[in-house]
Every structure is written in C-alpha cells, then in structure tokens.
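Trainee: Residue numbers (UniProt numbering), protein chains in the order written: chain A, 1 to 76; chain B, 1 to 504.
No wet-lab data here; the hints were simulated from the structure.
We treat Cβ as the ideally placed atom computed from N, Cα and C, and that holds for glycine.
Heads up, some of the hints might be wrong.
[Claimed, not checked] A few chain B residues that face chain A, going by a derived Cβ cut-off under 7 angstroms, partial list only:
| no. | residue |
| --- | --- |
| 1 | Leu206 |
| 2 | Val209 |
| 3 | Thr239 |
| 4 | Asn242 |
| 5 | Val447 |
| 6 | Ile470 |
| 7 | Leu473 |
| 8 | Glu475 |
| 9 | Pro476 |
| 10 | Phe487 |
| 11 | Ile491 |
[To be verified] Simulated crosslink set (DSSO-like; lysine-lysine; CA at most 30 angstroms straight-line):
| no. | chain 1 | residue 1 | chain 2 | residue 2 |
| --- | --- | --- | --- | --- |
| 12 | B | Lys127 | B | Lys286 |
| 13 | A | Lys4 | B | Lys241 |
| 14 | B | Lys429 | A | Lys4 |
| 15 | B | Lys213 | A | Lys4 |
| 16 | B | Lys417 | B | Lys81 |
| 17 | A | Lys4 | B | Lys286 |
| 18 | A | Lys4 | B | Lys81 |
| 19 | A | Lys4 | B | Lys127 |
| 20 | B | Lys213 | B | Lys116 |
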Amino acid sequence: MAAKAISSPVPVEWYPSLAALMVSVGLMLTASFFIYEATSSRRSRSLAKEITTAAMASVFLGFGSLFVLLASGVYV
Amino acid sequence: MDVKKQTVSDLDSTSSSRRRGVRADGPPDAMPPSLQTLTTPTLLLLLLTATAVSCSALPPEDGIRILSAEKRIDLTGSIVKVYLTLKVENAPAASDASQVLIAFTPTEAQHLAIVKATRAEGKRKKKTYAPLSVEASDLATTALNGARLYSVLLGTPLKPGEATTIEVLYVLTHSLEPFPAEISQSESQLVYFRDSAVLLSPYHVLEQVTYIKTPSNRIESFTRVDPTSRAGTEVKYGTYKNQAPNSYLPILVHYENNRPFAVVEELVRKVEISHWGNVQITEHYKLKHGGARHKGVFSRLEYQSRPSISGASSFKNLLARLPPRVHSIYYRDEIGNISTSHLRIGSLKSELEIEPRYPLFGGWHCTFTIGYGLPLEDFLFESEDGRRYINLTFGCPLLDTVVDDLTIKVVLPEGSKNPQPVVPFVTEKHLETSYSYLDVVGRTTVVLKKKNVVGEHNVPFQVYYEFNPIFMLAEPLMLVSAVLLFFVACIAYLHMDLSIGKSS
Numbered sequence: 001m002a003a004k005a006i007s008s009p010v011p012v013e014w015y016p017s018l019a020a021l022m023v024s025v026g027l028m029l030t031a032s033f034f035i036y037e038a039t040s041s042r043r044s045r046s047l048a049k050e051i052t053t054a055a056m057a058s059v060f061l062g063f064g065s066l067f068v069l070l071a072s073g074v075y076v
Numbered sequence: 001m002d003v004k005k006q007t008v009s010d011l012d013s014t015s016s017s018r019r020r021g022v023r024a025d026g027p028p029d030a031m032p033p034s035l036q037t038l039t040t041p042t043l044l045l046l047l048l049t050a051t052a053v054s055c056s057a058l059p060p061e062d063g064i065r066i067l068s069a070e071k072r073i074d075l076t077g078s079i080v081k082v083y084l085t086l087k088v089e090n091a092p093a094a095s096d097a098s099q100v101l102i103a104f105t106p107t108e109a110q111h112l113a114i115v116k117a118t119r120a121e122g123k124r125k126k127k128t129y130a131p132l133s134v135e136a137s138d139l140a141t142t143a144l145n146g147a148r149l150y151s152v153l154l155g156t157p158l159k160p161g162e163a164t165t166i167e168v169l170y171v172l173t174h175s176l177e178p179f180p181a182e183i184s185q186s187e188s189q190l191v192y193f194r195d196s197a198v199l200l201s202p203y204h205v206l207e208q209v210t211y212i213k214t215p216s217n218r219i220e221s222f223t224r225v226d227p228t229s230r231a232g233t234e235v236k237y238g239t240y241k242n243q244a245p246n247s248y249l250p251i252l253v254h255y256e257n258n259r260p261f262a263v264v265e266e267l268v269r270k271v272e273i274s275h276w277g278n279v280q281i282t283e284h285y286k287l288k289h290g291g292a293r294h295k296g297v298f299s300r301l302e303y304q305s306r307p308s309i310s311g312a313s314s315f316k317n318l319l320a321r322l323p324p325r326v327h328s329i330y331y332r333d334e335i336g337n338i339s340t341s342h343l344r345i346g347s348l349k350s351e352l353e354i355e356p357r358y359p360l361f362g363g364w365h366c367t368f369t370i371g372y373g374l375p376l377e378d379f380l381f382e383s384e385d386g387r388r389y390i391n392l393t394f395g396c397p398l399l400d401t402v403v404d405d406l407t408i409k410v411v412l413p414e415g416s417k418n419p420q421p422v423v424p425f426v427t428e429k430h431l432e433t434s435y436s437y438l439d440v441v442g443r444t445t446v447v448l449k450k451k452n453v454v455g456e457h458n459v460p461f462q463v464y465y466e467f468n469p470i471f472m473l474a475e476p477l478m479l480v481s482a483v484l485l486f487f488v489a490c491i492a493y494l495h496m497d498l499s500i501g502k503s504s
C-alpha cells in the first residue's frame, strides 16, 4: 500500500518571508485607507473604494498574522 | 449419560495430575482422603460449566507435550526479560492442535507487560520466524495452583505426530524486590528474584533447562535444585527430565543489580496535529527511582568525588530516542528550563540525553516535561479510501524504563470526523474535546490509556480520521474577518455625524 504523505499547503520554510511580505503589504494598504479617509471630505468619499481597500488590507493582514503565528512556532 | 462419563474421566485426570503435582513439591499422600469426596459435587458442577465454556478451546490435556524447553532469564536490567524456546510435539493419536498454552503464576500474570511469540520454520540456515498472536486464555485450570494461561495461536495447526519450535518472549516489570529494602549512599543494591526452577506448564515436559543471567559476578545466594551450576554471571538450572504438568519448584536468586531502576509512574503524551506542517508532541513525566529506598543523608561531595562507589544504584541521566528531523526541543519543569540536556540528530533517529536537576536515589521522584516538533509529512498520510491517518510510535521514548500509567492524547485538527485508532494491543480508548489556538468548536482528541508499558510496546500505531481540507481556511478567515470588522467600524464611525452642533 503506497500511502501518500500529506504535507502543508505552503512549504514551512516560506513562512517567515511570507509573514513579513503580507504584513507589510497589509500595513501599507491600511495606511492608504486611513490617508484616504483623512484627506477626502465626507461628500467626496466613495464607499466602494473604502470597502475595497479595507477588504484587501484585511485579507493581507489576516493571512499575514497567520503566517506570523506559524513562523513563530504557534501551529494553529 | 455421556456427560456423566466425561466428567468422571475428567475428574480422574485432575485428581491424578494433582497427585503428580503433590509429588513434585511436597510430601506424598498429604492430602486428606475426605477432600476428594467432599469436593466431588462442586467439581462436578465446575466441570459441567467448564466443558460448556471450553467447547471451542482445547483442554490442556490434549496431545501436546514439550520435548525440550529452554528458559533464559535476563536479569541484567530493572526489567525482567524471559526468552522461552519450546519444542512442542503433538501426540500421534491426537487431533490437530491450533494453540499452545503458556502458564504464568498469579504474581507473574500481574506483572506481565507483554508476551510475544514466534514460530521457527525451516531448517538451520533457512530458518524463518513467523510472529504468532498471543491472547489471554480464560480456560479454567485454576483448580491446581491458580495459574493463568495464555494461548499462543499457531498459524497453521500442528498435525498429529508433528513437532515445531516456538519462541516466546515475555517481560515482567516490578519483579525484582530490593533486599535490603533501604540502603545508604555508599551501599550497592541487592535484589531478590523469584521464579521456578522448572517450567510451569500445563503440558508434560520431557527435558528442560533454565539459565539466569545476572548483571555482575556478585550473586549473594541462589536456591540449589540439583543439578544446579554457576559460571560467572550465569546460573544454570537443569537439565531436568520428565516433569509432570503444573510442577513448580520455587527458587530465589539474591544478586547485585545497580542498573537504573527508572520507573515512570505517569506519562502523558500529547500529540497535536496541525495541517499547516507540524506535529507537536508534549510529554509530561513523573519519574521515580524504583529500587531500594535511600537511607540516611545524601552527600553531594562524596557523590561527585567518588562516583564509582558512591551512589552506585542511583542514576543521573536518561536517554530518549526521538524520531529523526525533530526540531524545537525543550526540556523543562515547573521552575523553568533545565539546561542539562544534549541532543544528537541522526538520519535514522535522534537521541536526547537528559539529566534531571539532581541524581535520583531509591524512592526519589522528579517531574519534568519534554516537548518537540516533527515535520508533518513524516507522520501524516492519506490512505486509499481518502481518509487521513497519523502514524506514531506507541510507548515511551525513554530507554529501559517501565511506564506504570501511559496516556496518549492525539489532538486532531479542528473539523476532523470519525477518528479511529488502530493499536496492535488492548488499550483503553475514549474521545474528548480540547481547545487550542483559534478554536471554535474544539478539537476532537483520541485518548489511549495503557498500564505497564515497556520498551517492547514501542511499535507504530495509527489514528485514522476524515478531514476536509476546506477546514484549514477556518483560522485565516477568522483572522481576516476580525481585521475587516475593525475597518468596517472605522468606516461606520467616519460616515456618522456625531457632532452636537449644526452640520454645515
């Protein structure tokens, strides 16, 4: 019986670099979100743009924090 | 009528074997004659039930007899290992024999950790050994001496007139009694070992010999049952010829044994599987020195300066055999990290040498925790039916230790269904739920418990479970939604007009 070994979907060695990359991209998107919020007036704001930036930032920060946890040895 | 006849003949055989048994170890005709008549009704009743129960099992009076028996008892460690080589023959007039019975005294049965049997096939150089299954037999032969029987199930039945060789290994724990029970730091540890000079067997034994191997030349005393001889570290009992079934000749060997009597009173191994690429194992040990109790003071100075004679029976380090590619190892207790440990990583196995905070003398305890991570791909596999299974080693990674109480907890990832442990021996199993990082419904945990575990129990076992890989996304999506919630709150706050004054 040739059993197939199961490994992680992402190679374990990539976790630290993935964590750094995704968290920094996420933080940049967060920054752009808040810059947009601060610089635009209430009337000129577009809700679609706000939601898109927020969603992208949260995806990057969410996965980024997961990889931070995995890279630091907290295997969830 | 038929039943009556059978019981009468059975009665006759038991009484005759009892007479033989008496002749072997006591004065003949010591039995009061009234006993037989007194016990006849109860025996009749017992035998009626016994014949009803043991219809499937063969009675020990079938045609099997042991042509030659060799018993090698290894007393060099704290665990007693006995290697039995039995040459078994089935009588020409008998029917096919599918099992061979091995007898243990009640004390032996209580301390018995494992029984393994193999059957040698072929001649000389082409000899192959086929493992045989061994199970506790409920056959009632307790009438004579309370012996517990284990049956070795022969793969192919032994035909009448045929002979075969069976090799049996059994391991006894806590069977060496320290005497004196208390020793001081400078004394050496002496222990008693009790057994029988002849093989306790429900069969007729034609020829037999027993060898006892001790760790050092120092043997204080041993019972003589002629012919008995001693050469160096070995005591030989026999050759004895023509022993009746169930004969027992108690012997006592008093010898020096300074090997570490490491006993793990309780071991809890927790295995956490993460599909993100790691198997984390945490082991909580409660260790004890199970030898002669320490008496008087402990002088660290004397212990350090004269290690050869001081604290000979104590031990200060233990070796754990871990899988290869182990990483993130820690060794600590309630106080914190214990720095006295060494790790050697190899391609086949890793060795972790640990030293407790203090050397352990008789009766001293010590608790500690070992943890390590292992790569997922070495242990987790997908079977052909699509289920996943983890393949781990049972038992305790510490070498030459007895584990009184072993608990293995396999924590499966969240979302696993239908866990099914496959263990090659009898264990107590149950399921529970445990919570860890980022859990909502909790993780299904398979708990396996076993008492009296020795190194021979370090065999692979599997836990099968069903898992849908989509559940792996649960944790990142939780984190994503938490961050998104924060952004939505920010948007909502900035879009709301919370000022008291008129908005322009």
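Trainee: Are the hints correct? Go through all of them and say.
Mentor: The hints, checked one at a time:
Interface hint status for B:Leu206: violated, as the beta-carbon distance to the closest one in chain A is roughly 45 angstroms, over 7 angstroms. Because the closest C-beta pair between B:Val209 and chain A is about 44 angstroms apart, greater than 7 angstroms, the hint is violated. About 48 angstroms separates the beta-carbon of B:Thr239 from the nearest beta-carbon of chain A, more than 7 angstroms, and the hint is not met. For B:Asn242, the interface hint is violated, the least distance from its beta-carbon to any beta-carbon of chain A being 50 angstroms, above 7 angstroms.
Annotation: B:Val447 was flagged as interfacial toward chain A, and the flag is violated, the nearest CB pair being 21 angstroms apart, outside 7 angstroms. Restraint check, B:Ile470 versus chain A: the minimum CB separation of about 12 angstroms is more than 7 angstroms; hint violated. With 7 angstroms as the threshold, the beta carbon of B:Leu473 stays out of range of chain A, its nearest partner Cβ sitting at about 10 angstroms, so the hint is violated. For B:Glu475, the interface hint holds, the least distance from its beta-carbon to any beta-carbon of chain A being 5 angstroms, beneath 7 angstroms.
For B:Pro476, the interface hint holds, since its Cβ comes within 7 angstroms of a Cβ in chain A; the closest pair sits about 5 angstroms apart. Among the interface hints, the one on B:Phe487 holds; its C-beta lies about 3 angstroms from the nearest C-beta in chain A, closer than the 7 angstroms criterion. Interface hint status for B:Ile491: upheld, as the beta-carbon distance to the closest one in chain A is roughly 5 angstroms, under 7 angstroms. Proposed proximity of B:Lys127 and B:Lys286 is contradicted: the alpha carbons are some 43 angstroms apart, above 30 angstroms.
Straight-line distance between C-alpha atoms of A:Lys4 and B:Lys241 comes to about 56 angstroms, which puts the hinted pair past the 30 angstroms bound. Only pairs whose Cα atoms come within 30 angstroms are accepted, and B:Lys429 paired with A:Lys4 is accepted, the gap being roughly 27 angstroms. Restraint check for B:Lys213 and A:Lys4: not satisfied, since their Cα atoms lie roughly 46 angstroms apart, outside the 30 angstroms limit. Between the alpha carbons of B:Lys417 and B:Lys81 the distance comes to roughly 41 angstroms, so the proposed pair goes past 30 angstroms and is violated.
For the given pair, A:Lys4 sits about 37 angstroms from B:Lys286 by alpha-carbon distance, which is inconsistent with the 30 angstroms threshold. Distance check on the hinted pair: A:Lys4 and B:Lys81 sit about 38 angstroms apart at the alpha-carbon level, beyond 30 angstroms; violated. Between the alpha carbons of A:Lys4 and B:Lys127 the distance comes to roughly 35 angstroms, so the proposed pair goes past 30 angstroms and is violated. At roughly 20 angstroms between alpha-carbon atoms, B:Lys213 and B:Lys116 fall within 30 angstroms of each other, so this suggested pair holds.
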